[in-house]
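Trainee: The lines below spell out each chain.
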Amino acid sequence: MLSSGIRLCLLLLASLPCFVLASEINPHDVDFSGDWELDYQLSDHPSEKIRRVYIETKSAIERELQRQGNRGRVLMDPQRLNLSSIVGLGRLAERIAQATVLNVDQDTGHIEIHRNDDFTLICNFRDMQARESVIGAEVCSWDEDQLIFEIGLPDGLHVLQKLSIAKDRSRLNIATTVRIAGIRFPFTLNRVYMPFEPGEGLYRCEHTIAKQTTCTLGGSQ
Amino acid sequence: MRVLLCLLLWLAGCTTVPEEPEPSVLAVLVAESLALDVATSGRGGLNVNIRVFESDQTTPGSIYLAAAQVRSVEQRYLPYVLKTTLDRSGHWGAVRVVPRNDPSAEILVVGRVVVSTGVELKLHLRVVDATGRVWIDQVYHDVADDIDYATDPNFVIDPFRDLYHRVANDMAVVASQLNEQDHEEIVNTATVRYGQLLSSQAFNRYLIPDGQRVRLTGLPAADDPLYLGVQKIRESEYLFTDSVDAYYESLYRTLGPIYAWWRYYSFELVMGNERLAGIDATRGATRGSWYAMERTYKTFKEAKMNQDALRELSESFDRETAPTTTEIAGRVVRLNGTIDTQYEAWRRILAEMYDEEFNPER
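As you go down the protein sequences, you meet chains S and Y in turn.
Each step along the first sequence adds one to the number in the numbering used here, with nothing skipped, and position 72 is 72.
Each step along the second sequence adds one to the number in the numbering used here, with nothing skipped, and position 60 is 281.
Bound-form chain Y, shown alone:
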């Protein structure tokens, strides 16, 4: 009976880490030391929204299986790293991290963390513009080594920066292929799609589906009050999104250094595991000696305490999200709750205000 229980326990243990099928898109292994392509001149760039990344519940090869809080942090942290990279490239207008899908974004980046350890980062990214044109649908894969971690004693310089550079460069290549007309079409489609979210009745007729994409059939007159109303509300939305973005920035700055240490632990331990001789948690101690055993436990304990710190900070972030007070059309709006809840509430209020102004009979 005991043998059976043991076997069941072992099998149960195995079921926590099933083999996840890889996305069907081709993975690009990022070359080392890839420089960021920085814009030298510029017409106004398109605005980019990066949605908080998704993460596999059970990430194959990840050391984070038992650490939902780490996943939760990296889902918000990694998009912000991409945002800062896109900002530095200078090819774009406002780049913002947002908690939800935004079909009216000029450029929307959605991502999924496929593998994330201190050694390896694999992200599945999909970049789509407002017309539905898919710019990128790609798995990006980068592997870190000792040199990546050696450049900064606090490990804050991202060891996977080459991956973000590659994504930014790929996006810049697609953007550079757009002519003025394409550019204008994306901006106008985004505005009309935003109008559609507020009032499908008024704006549906300007867009027709074209396969996976949408085509703009025309635009409302420039002085159309509905269209002007949409633009006005959208400006307010941008202000609110900036405060949401500030939340992610705060998370990036506060949790970043801790996450960096955690990632370094992961690197050290994963590499140690692979190297042999059990983890280099023993760091020079003779394997099997008491000293080595103590070092192994000490390393385990340090990593767990770091994980605790990361979890507590992450929970604090969710708990302590400050209420946002903002004003729109002379009305003061105060939003409470998590950033996700605030974003949802904001969207609802905007739609209600639009309705009150333009569809008073509803």
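Pulled out of the complex, with its shape left as it was, chain S reads as follows:
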């Protein structure tokens, strides 16, 4: 039997905006493979974005209050529209989207997105069903040429990571959206990555069972 918590998360994933528009394997033949590093210039800066969204949301709340005030009634629910949640969501998004280096392995059937100091995002294009995870549930799906990873966690925490790539493969974007059930505004952080040649660093490290992790000087081969 599925635990009620996990069933709830599966249900939550299914009930949040549906992005599954095509069931084909990689319908637009998108290739994300390669080594990517963060482009700080084009990426959102978390603190700035939090400040901007905060100001925009504050203005929206004030406008709403003014509009409702003009009608002589105030219906603002502070649980659904409060400013502190912007900061909380923003900080959480910042933690989730912290990766600065990506290594993407992709073939016709699946993709593995290895991220530094983070877990690997894996999608099997032939089996893109919502499934139970260690806690909560996960699903990957295509939205046209964008690949989406969604995670539903307890307490209504929902994380969506949307990958897109420029046609000339010069940039790859991961838009991380954090949403919490009951809070009106989700928070999205865009992190843009550019290609780079790995192995040019000072060290080249390899992990094997026999030798564990061994690093040698002079990375390029």
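The reader is advised that the hints may include incorrect statements.
Stated by the list, open to error - The list that follows gives simulated cross-link-like pairs (lysine to aspartate or glutamate, EDC-like), each with its CA atoms no further than 16 Å apart:
{"id": "1", "chain 1": "S", "residue 1": "Lys49", "chain 2": "S", "residue 2": "Glu94"}
{"id": "2", "chain 1": "Y", "residue 1": "Lys519", "chain 2": "S", "residue 2": "Asp143"}
{"id": "3", "chain 1": "S", "residue 1": "Lys162", "chain 2": "S", "residue 2": "Glu112"}
{"id": "4", "chain 1": "S", "residue 1": "Lys167", "chain 2": "S", "residue 2": "Asp145"}
{"id": "5", "chain 1": "Y", "residue 1": "Lys522", "chain 2": "S", "residue 2": "Asp118"}
{"id": "6", "chain 1": "S", "residue 1": "Lys162", "chain 2": "S", "residue 2": "Asp31"}
{"id": "7", "chain 1": "Y", "residue 1": "Lys519", "chain 2": "S", "residue 2": "Asp155"}
{"id": "8", "chain 1": "S", "residue 1": "Lys162", "chain 2": "S", "residue 2": "Asp145"}
{"id": "9", "chain 1": "S", "residue 1": "Lys167", "chain 2": "S", "residue 2": "Glu197"}
{"id": "10", "chain 1": "S", "residue 1": "Lys162", "chain 2": "S", "residue 2": "Glu94"}
{"id": "11", "chain 1": "S", "residue 1": "Lys162", "chain 2": "S", "residue 2": "Asp143"}
{"id": "12", "chain 1": "Y", "residue 1": "Lys519", "chain 2": "S", "residue 2": "Asp118"}
{"id": "13", "chain 1": "Y", "residue 1": "Lys522", "chain 2": "S", "residue 2": "Asp117"}
{"id": "14", "chain 1": "Y", "residue 1": "Lys453", "chain 2": "Y", "residue 2": "Glu573"}
{"id": "15", "chain 1": "S", "residue 1": "Lys167", "chain 2": "S", "residue 2": "Asp31"}
{"id": "16", "chain 1": "S", "residue 1": "Lys167", "chain 2": "S", "residue 2": "Asp29"}
{"id": "17", "chain 1": "Y", "residue 1": "Lys519", "chain 2": "S", "residue 2": "Glu94"}
{"id": "18", "chain 1": "S", "residue 1": "Lys162", "chain 2": "S", "residue 2": "Glu144"}
{"id": "19", "chain 1": "Y", "residue 1": "Lys522", "chain 2": "S", "residue 2": "Glu94"}
{"id": "20", "chain 1": "Y", "residue 1": "Lys453", "chain 2": "Y", "residue 2": "Glu577"}
{"id": "21", "chain 1": "Y", "residue 1": "Lys453", "chain 2": "Y", "residue 2": "Asp576"}
Keep in mind the hints are simulated off the structure, nothing from the lab.
We have chain S already, so just place chain Y on it with the hints.
Mentor: Structure of chain Y alone, referenced to chain S:
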């Protein structure tokens, strides 16, 4: 349309975890703190082969649904835990983990992982001797609690050790009921069945089917060259099986500590889920607070990273299986590939060598 898609997605999600019918055999819930029955004296014990366990693709109640690599590890890891338990009991001869069915094993243990989480382990085990006599066909079920995990800060001491003790004790009870003649019959039948695998023509006549079992009608003369050849090849097989067993031991030692942590995560999270208040991933944080949300995500991330480590190591094991070089009858044989492939190739080479020696006209 969107509502329909959502409903379909949800239903599709549900189809990944169908209700699997339980095996028809009675499940034994293992009592807590069951001591291992250790042999105090001994005639030479029978040799035991434990085949790598099977695992349900979709294990009901398991948190491993999306983690084929964890299943792959536990299919090889859990039999080795049973092997070490049987070794410690002292009731048996050589106990080996093997990748394939071995009808010529004196005692063959085959198992299926029915449920495996940090909280619960349910194994369906079938123990059969070479004559086809079924010793055990049983689902063993054990549930772990906080105390099981509290004994070792690294969680390497198996929280389900009572289950393995129970299996070992049950096997020891059956073994203790065998008299010398039964014992000899099993050993001889195993040798003849091994001969049958090499040359059915020469050895079929010594065995006749008797229902689900086989009965030994006689034995070749002790100095029969075919019989001596079989025994010689079997000795080589044992040497090879020992190196296969060493592979599983290496997996047990390297992946064991990681698997143990993973199992503990599973325990913590499954229990947390059941306890309430969502996972105790929040560990004391007020539910719904930002701190609690961050803790929940952090726990998820840690568990996923652990899963990554387990997968990478498991894949490394398959990739890095060292070639085995061994010698038989003056001929050096080098085997490459996964352990499964090596085992298969070894079996084929032995049959070929036997044919070359005893059936040169074929």
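Trainee: For each hint, tell me whether it holds in the structure or not.
Mentor: Here's how the hints hold up against the structure:
no.	hint	in the structure
1	Lys49(S) with Glu94(S)	10 Å, holds
2	Lys519(Y) with Asp143(S)	27 Å, violated
3	Lys162(S) with Glu112(S)	14 Å, holds
4	Lys167(S) with Asp145(S)	11 Å, holds
5	Lys522(Y) with Asp118(S)	7 Å, holds
6	Lys162(S) with Asp31(S)	14 Å, holds
7	Lys519(Y) with Asp155(S)	14 Å, holds
8	Lys162(S) with Asp145(S)	10 Å, holds
9	Lys167(S) with Glu197(S)	19 Å, violated
10	Lys162(S) with Glu94(S)	15 Å, holds
11	Lys162(S) with Asp143(S)	9 Å, holds
12	Lys519(Y) with Asp118(S)	10 Å, holds
13	Lys522(Y) with Asp117(S)	10 Å, holds
14	Lys453(Y) with Glu573(Y)	14 Å, holds
15	Lys167(S) with Asp31(S)	10 Å, holds
16	Lys167(S) with Asp29(S)	12 Å, holds
17	Lys519(Y) with Glu94(S)	13 Å, holds
18	Lys162(S) with Glu144(S)	11 Å, holds
19	Lys522(Y) with Glu94(S)	14 Å, holds
20	Lys453(Y) with Glu577(Y)	14 Å, holds
21	Lys453(Y) with Asp576(Y)	14 Å, holds
Hints 2 and 9, counting from the list given before, are not met by this structure.
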